[in-house]
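Construct the complete structure from the given sequences, taking the supplied hints into account.
Those protein sequences? They're chains A and B, same order as listed. Under this note's numbering, the residue at position 41 of the first sequence is numbered 41, and the numbers go up by one with no gaps. Under this note's numbering, the residue at position 306 of the second sequence is numbered 306, and the numbers go up by one with no gaps.
The set of hints was computed from the structure by calculation and includes no laboratory data. Computed from a prediction, not measured in an experiment: that's the story for all the values here. Think of the CB as a built atom: it goes at the ideal place given N, C-alpha and C, for glycine as much as any other residue. Errors might be hidden in some of the hints.
Unchecked claim - Cβ-Cβ distance ranges computed for the label pairs, FRET-style: (1) B:Ile181 - A:Val41: 39 to 47 Å; (2) B:Ala326 - A:His146: 25 to 33 Å; (3) A:Glu251 - B:Asp300: 53 to 61 Å; (4) B:Leu318 - A:Gly131: 41 to 49 Å.
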Amino acid sequence: MPPKPEPGMREVAYALAVRTALTEEMRRDERVFVMGEDIAVYGGVYGATRGLLHEFGEKRVRDTPISEAAIAGMAAGAALGGLRPVAEIMYCDFLSIALDAIANNAAKLRYMSGGQLALPLVIRTSAGGHGYAAQHSQSLEAWVAHIPGLKVLTPGTCADARGLLKSAIRDPNPVVVIEHKALYETRGLMPAEERLEPLGVARVARAGDAVTLVSWSAMAGVCLEAAEELAREGIEVEVIDLRTLLPLDIETVLASVRKTGRLVVAHEAVQYGGFGGEVVAQLAERAWGHLKAPPLRVGSRFAPIPFAEPLESYVLAGKHDIMEAVRGVL
Amino acid sequence: MAGGPSTEQLLGLYADMLRVRFFEEKIDKELFPAGLIRGLTHLYIGQEATGVGVIRALEPRDYVLTTHRGHGHCLLRGSPPARIFAEILGRRDGLCRGKGGSMHLCDTATHFIGANPIVGADIPIGAGLALACKYLENGRIVAAFFGEGAMNTGAFHEASNLASLWRLPLFMICENNRYAISVSLERSSAVTKLDERAICYDIWHEEVDGMRVREVFEAARRAAEVCRTHQQPVLLVCNTYRFAGHYSKDTLRYRPAEEAIEMFREHDPIHLAERELADSCEVPMDDLVALRERIRREIDEAAEMALRSEPPPEEWALEDVYAPEA
Chain A
1 MPPKPEPGMR EVAYALAVRT ALTEEMRRDE RVFVMGEDIA VYGGVYGATR
51 GLLHEFGEKR VRDTPISEAA IAGMAAGAAL GGLRPVAEIM YCDFLSIALD
101 AIANNAAKLR YMSGGQLALP LVIRTSAGGH GYAAQHSQSL EAWVAHIPGL
151 KVLTPGTCAD ARGLLKSAIR DPNPVVVIEH KALYETRGLM PAEERLEPLG
201 VARVARAGDA VTLVSWSAMA GVCLEAAEEL AREGIEVEVI DLRTLLPLDI
251 ETVLASVRKT GRLVVAHEAV QYGGFGGEVV AQLAERAWGH LKAPPLRVGS
301 RFAPIPFAEP LESYVLAGKH DIMEAVRGVL
Chain B
1 MAGGPSTEQL LGLYADMLRV RFFEEKIDKE LFPAGLIRGL THLYIGQEAT
51 GVGVIRALEP RDYVLTTHRG HGHCLLRGSP PARIFAEILG RRDGLCRGKG
101 GSMHLCDTAT HFIGANPIVG ADIPIGAGLA LACKYLENGR IVAAFFGEGA
151 MNTGAFHEAS NLASLWRLPL FMICENNRYA ISVSLERSSA VTKLDERAIC
201 YDIWHEEVDG MRVREVFEAA RRAAEVCRTH QQPVLLVCNT YRFAGHYSKD
251 TLRYRPAEEA IEMFREHDPI HLAERELADS CEVPMDDLVA LRERIRREID
301 EAAEMALRSE PPPEEWALED VYAPEA
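What follows is the structure in structure tokens.
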């Protein structure tokens, strides 16, 4: 159930929140343009760019051929030439094809040039299991969060889908925004007025004193559901939505763990080698004395994402895994 | 010579080739053997006519991108040779503060957006820059150099298609030096007539003897004109040869020694230009010798200046990872 609209808030679909950010930023800055597969005439496979072509025309809303390497490489080049490209890589699984331009070039050209170059570009992509099997379902934020020079955003709410994307477009660095494909059609609240969300600031989505539960993207919403159920058992969980993984707001997590002494990190990505390990490690290094129990990670099982529904459900981490982990640290 | 460069222009092109040759020889014969350069260096010796001919056909406002074999292009765009040496030596006065080295030279002051050692990567980046030029209507074109090896990458294919589809002012220069590291053109490419690959992208193309600087210059002028005026990509294939190895430690076991000797004897671009200047243009040999000595001295002094530069301080290592927010 979407939360009830409050004063100053507006209920929208996540895809519309994305489109709102793009529209506002394109109206504000002539240098901002969007490019990607099926984004112009078709309006994006999830409708996130619908209507942009009509308002801004072909110069600024560009359908590309199926050329991920060139989409990302040209976005880097266009940024070097003074533009503010927002390139879409339809599924984050396809980052593998574009990764040279993103990780070897966009992320490093400024550094290798000794600070001469700047690459203000955004790569929008989508993650998450949604019945599409192994090559269209992954959550690969750890791939990009490992690269110095990139910023990595994982909006899990409508307010963040718009506010973080706006900040990404204005950022002078290459930013990868990983949206979640299961969220595009879901509805939620975003401010009626234009608002930018800062990078590197986590949000305490629910206050609690028993366990700190850290997550991001769609999984942050699942954590809130788990927390509500656990509250009925008398367990008050503090849910923190990191919102951006790079930069990472570890201080908010530290403050919470100092209070609760217990930590669970939950993400949809494969648990093994996932970004949750980084969060747990930083907490272990800096708040060991505050921990009353070994921290636990919740992530997907170690297999490619399968197609059939019962198999997918088995592999993907979900609410019950989270609840079990929370009980496990108590 | 009708319509081609005058004697004075040819002399200028010759001097530019010497500058690049002596720069590279300084590395090859002195700095690298002395253990002063770490990592990899890829020398441009033998290919000077292509870089000189093309870059002299560009305007100062144009962008240039190149490969790991990019010392010459950087120098030709006008970066101070001492600062290029300093970068290759990993010193604090290097163009990139010692963070890029030989393979990642960059100088925004000359719009040299840099050397890029990921083979083929500069082509889509160049196409993106060309998109920006067209979008901003700033009249610039983008020259992207690459080797024949890069033509077998997906990046070349994707960028060529898009540059043509969107009619972007991208000047693609293939420096065909016949070997992609150790694998010859014949052993790596099903179609060895490289300029004809442009046909399937509907791209204007020309092939030129990359050892003759005058011919490269004239072809590059034509190509740049088409690219700028008609806002469309062009492909110029320059058939050339590298006299040195792929990199400084290359054993060269993949090509017959006689081949390189024959190429050097018959096709050295500097020797060819020199012969033309002396025979057809009747420039006195003494003038040419004096010019050589002057340029040699300039390069020696630049290297000495670079060697006096200190290594960068440790604290620079964590700078320039991100651009500061405005």
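Hints, verified against the model:
The given range of 39 to 47 Å is respected by B:Ile181 and A:Val41, whose C-beta atoms sit roughly 43 Å from each other. For the pair B:Ala326 and A:His146, the supplied restraint of 25 to 33 Å holds, since their beta-carbon distance comes to about 27 Å. Against the hinted window of 53 to 61 Å, the Cβ-Cβ separation of A:Glu251 and B:Asp300 comes to about 55 Å, which satisfies the hint. B:Leu318 and A:Gly131 have their C-beta atoms about 44 Å apart, which keeps the hinted 41 to 49 Å range intact.
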